[in-house]
Structures are given as C-alpha cells and as structure tokens.
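S.K.: Sequence:
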Amino acid sequence: MKNNYYSQKLNSQKLFNVYETKIPRVKQYLDAEISFVKDNLTGGERILELGAGYGRIVKKLSGKCKSIVGIDISLENVILSREYLKDIHNAKIITMDVNNLTFQEKFDVILCLQNGLSSMKITSLDLIKRILKMTVSGGKVYFSTYSEKFWEYRLMWFKEQAKKGLLGEIDLDKTKDGIIVCKDGFKAITCTPKDLKTIGDLSGYEYQIQEVDESSVFLIIHKK
Numbered sequence: 000m001k002n003n004y005y006s007q008k009l010n011s012q013k014l015f016n017v018y019e020t021k022i023p024r025v026k027q028y029l030d031a032e033i034s035f036v037k038d039n040l041t042g043g044e045r046i047l048e049l050g051a052g053y054g055r056i057v058k059k060l061s062g063k064c065k066s067i068v069g070i071d072i073s074l075e076n077v078i079l080s081r082e083y084l085k086d087i088h089n090a091k092i093i094t095m096d097v098n099n100l101t102f103q104e105k106f107d108v109i110l111c112l113q114n115g116l117s118s119m120k121i122t123s124l125d126l127i128k129r130i131l132k133m134t135v136s137g138g139k140v141y142f143s144t145y146s147e148k149f150w151e152y153r154l155m156w157f158k159e160q161a162k163k164g165l166l167g168e169i170d171l172d173k174t175k176d177g178i179i180v181c182k183d184g185f186k187a188i189t190c191t192p193k194d195l196k197t198i199g200d201l202s203g204y205e206y207q208i209q210e211v212d213e214s215s216v217f218l219i220i221h222k223k
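For the sequence shown, the positions run 0 to 223 when numbering that gives the first Met the number 0 is used.
Some clues are possibly wrong.
[Said to hold, decoys possible] Each computed DSS-like pair below joins lysine-lysine, with the alpha-carbon atoms no more than 27 Å apart:
hint	residue 1	residue 2
1	Lys26	Lys59
2	Lys120	Lys196
3	Lys120	Lys223
4	Lys105	Lys59
5	Lys91	Lys58
6	Lys223	Lys132
7	Lys58	Lys26
8	Lys63	Lys85
Rather than coming from a laboratory, the hints here were simulated on the basis of the structure.
Owing to the predicted nature of the structure, the values given are computational and were not obtained by experimental measurement.
Using the sequences and the hints, build the whole thing.
M.R.: Below, the structure written as structure tokens:
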C-alpha cells in the first residue's frame, strides 16, 4: 500500500478533529458539498467513496442510498470508522489504496470529494479510466475541488488545523495561487475548472462542471 501524508500523519482522531472546525463558513462548505450530492440521489444507488477517512460523508449519505462503501489508505481511519458507523447497517469503510482498486462489483455512483484529486493524487488518465470502469452504465462519478472564491476561508481553516497541531506550520511564502504548503512537507493543490475540463474531455463521456455554494467546484461525469 502506498504511504502518504494522510496514512502516516493526518489520520484517525487527528482527521476527526480537522472537521471539528469553529469557522462557520467552513462548516457551510462541508454541508453544502454533501447536500449537493444527496440532492442528486434517488435512494436506490450503490455508492463508492474514494478516500472516505473515518466515514464522515458515508454516514451522512447512508440514509439516501441502497448501500455505501468507502475506501481509505489508513488502517487507523478504518478502525475508527467501525465505531463511528456501528449503527449504520448499509455502510462500511475498508482499507484499500485508490491505486490498487480490487472491487469486482460496479457502482451507480462513485465519489471523490473534498479535493480528493489532490490528496489521493488522482491525476493520471489511466486511474480515471479505472474509476469509470467500476461505474455502471448510466452511473455518475463526482469529483470536487475548491472554488477560488473560497480561498480566504480555506486558508483560515488550514491555519486552524496547524494551530491544533494537526498539520505543520503553514509556509506563507510558498502558500499562494490555490496551493497550501506546510513546513513539514504537506502540500495541497487545487484543480482549476480548466483542469476539471481536461479530465472531463479525456474521460470520453458527457460531463458537467458546476460551482456549489461559491466553495466547491464539481466535475460530474455521466457514464452513458
């Protein structure tokens, strides 16, 4: 399994604390991203979430789908998810690397939210094609990244995380243009709408790009 910052440092209780933010605008962003997906579900979907952490999104979507499974690279996150999701009977998190997907089944909806394109380094056409291969005909894949309009609040949120000791100190000299860099080696990029369009074009399927809440930008690929 490929190691990265999220499996080695930002996992389990630390990851849980990331979302215990005191910044109202960030809470709004987190809720709006989930609501956008939920509003587009019918209730009968089988869903896969990539980079699911301890199950924050899985839990909130579980009541609006047939089943939902999340994968995460961190065993600690998966262990935490067992307690977090213990009362949710149609949801689970398993340990798996997005670069080594081993599902035999296909899904109606696949999610890669919360800037997962950056955190999981989903940049190759080969990986995008493999994700689409796991989607049923007529299914959808959702990728989301940050809107440039959200930069001020995103930076505020990352500073809050650094203050809590969840991330290293922000390197303010290198942090700019949608890229956040910490002095401990952490780096988070942002996909631009142009980047999302490139992924959409290369997928070979119909797609749309939509901004939500002036905080997220979604690429939704329709596998028709």
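S.K.: Out of the numbered hints, which ones does the structure contradict?
M.R.: none
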